[in-house]
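Chain residues, written in single-letter form:
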Amino acid sequence: MSTQLGVWIAALCTIFMYSYLWRDNPLFKLGEHVFIAIGAAHAIVMGYQNIVEMAWRPMVGGKAYMVLPLVMGAILYTRFFKQVSMLSRIPIAFLVGLAAALSIRGALDASFIKQVASTMVPIKNANDLITMLGVVTTISYFFFTATARSGPLRFSAEVGRWVMMVAFGAAFGNTVMARMSLVIGRLQFLFGQWIKIL
Amino acid sequence: MNLWEIFQNIDRRVWYVLLLVSLFIPLVRPLGLPLSIGGEARDVYNTIEALPAGSVVIVSPSYSPGTDAEMWPQHAAVMQHLMRKGCKIIQVSLALESVMYAVRAIEAYAPKYNYKMGVDHVIMPYKAGLDVVIASMGRDIHALYTEDYYGTLTSQLPLMQSISGIQDIALVVDFMPGNTLVDYIKQIGSVYNTPITGGVTGVCIPTMMPYVMSGQCRGLLGGMRGAAEYELLINSPGSAIGGMDAQSLSHLLIIVAIALGNIGLVAGRGLRKGGGGK
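Line by line, the protein sequences give chains A and B. The opening residue of the first sequence carries number 1 in the working numbering; numbering runs sequentially from there. The opening residue of the second sequence carries number 1 in the working numbering; numbering runs sequentially from there.
Hints should not be assumed to be uniformly reliable.
Stated by the list, open to error - Subject to a maximum C-alpha distance of 35 Å in a straight line, what follows is the list of computed DSBU-like cross-link-like pairs (lysine-lysine):
no. : chain 1 : residue 1 : chain 2 : residue 2
1   : A       : Lys196    : B       : Lys273
2   : A       : Lys196    : B       : Lys116
3   : B       : Lys85     : B       : Lys127
4   : A       : Lys29     : B       : Lys127
5   : B       : Lys127    : A       : Lys114
6   : B       : Lys85     : A       : Lys114
No lab work stands behind these hints, which were simulated from the structure alone.
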């Protein structure tokens, strides 16, 4: 068994959390509340540190314009005061505009043009054919006009639905694999670092 | 209650116990099931293998303890490979807790490969902002990071002095449980043509595959499986290979559970139609 206090706390918290699988109990609640409390405290400390390091220190160090993000950040809190709450929309609008501009900058090329270009390739093997058919039939599923619900488009849309279901199945399989990996990681910790039988 | 109904109504706690057993046994007594290496992991390996010694690589551990089991083995394996190749490593952190993984990787492998801080590697502090940080990294990495994680001015670090900007970066390797690898492709790969690769959690594999197939992401390590494949490729067995037998057995159990539930459903329906269920 480990002699480190930190390992013991981590191991007991892990067991507390997994005890929920049997039924809800006070130990699970204790672990849950401790986790939320630590998470909140950690976020506050890191948030404070961000403000100090990214804005306050540069500002007092001579970069006077760093007062702008500080003021904008402070204005965000006006939403808690009814009479001036509309002011909080200014920094939110700035954030939305910035995020949209940044996303469009690379997304158009990376997530659209290059993706379309990589789909429009000469069909050389079965994979290319499956990709092409999958894309075409899936897109046809999203034609919502009346004509799309009859004739060949209906058949294509049905195939597209099946293609999507296969994709969802594969995605869910990956999710199961990911969750199992997390459990394995915890077991490796419990039996490796705590009980030390691995 | 007939047999088919029993199949559909097995208490979930029975499955939890069976799952625990199926995970525990292979961890204690590995079964040695064969593990093949996928094309995506091999592409990551070949990309790093092709780098000349001395190439500067950005490694971005963007994960936190919640996905430690999947991401750390990938991160550890790639760091070993980069150090073996003699690459210079700049570790940047896009998640709150990820700096500790950058430090952990250095503490684990830097002594073995004689990597010196500031010369062969540097750890940058956490910066909030995700794709804003990535875009800033591309525009001016020196302005973004004026100090390293330990408070040393980056202008005094030989490694940082050796690069003028993102154009001197040979490769970006990101380990993400979220969306940062896509952000790197959008903000760095697409804009500056810097090669991008990385590893993701199992959940994120479907998100990333279109980028891998289009060549925008040079290979991909997917979950613990991807890490195990990489450990095999660099011939350095670690925790991921150790967990593969448990993963296989647990998947087998889930397949059995799905099969039993569905057999019970279909057979029970047949019985009801034929009146046998009354």
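Hints not upheld, ascending by number: Structure breaks hint 1 only.
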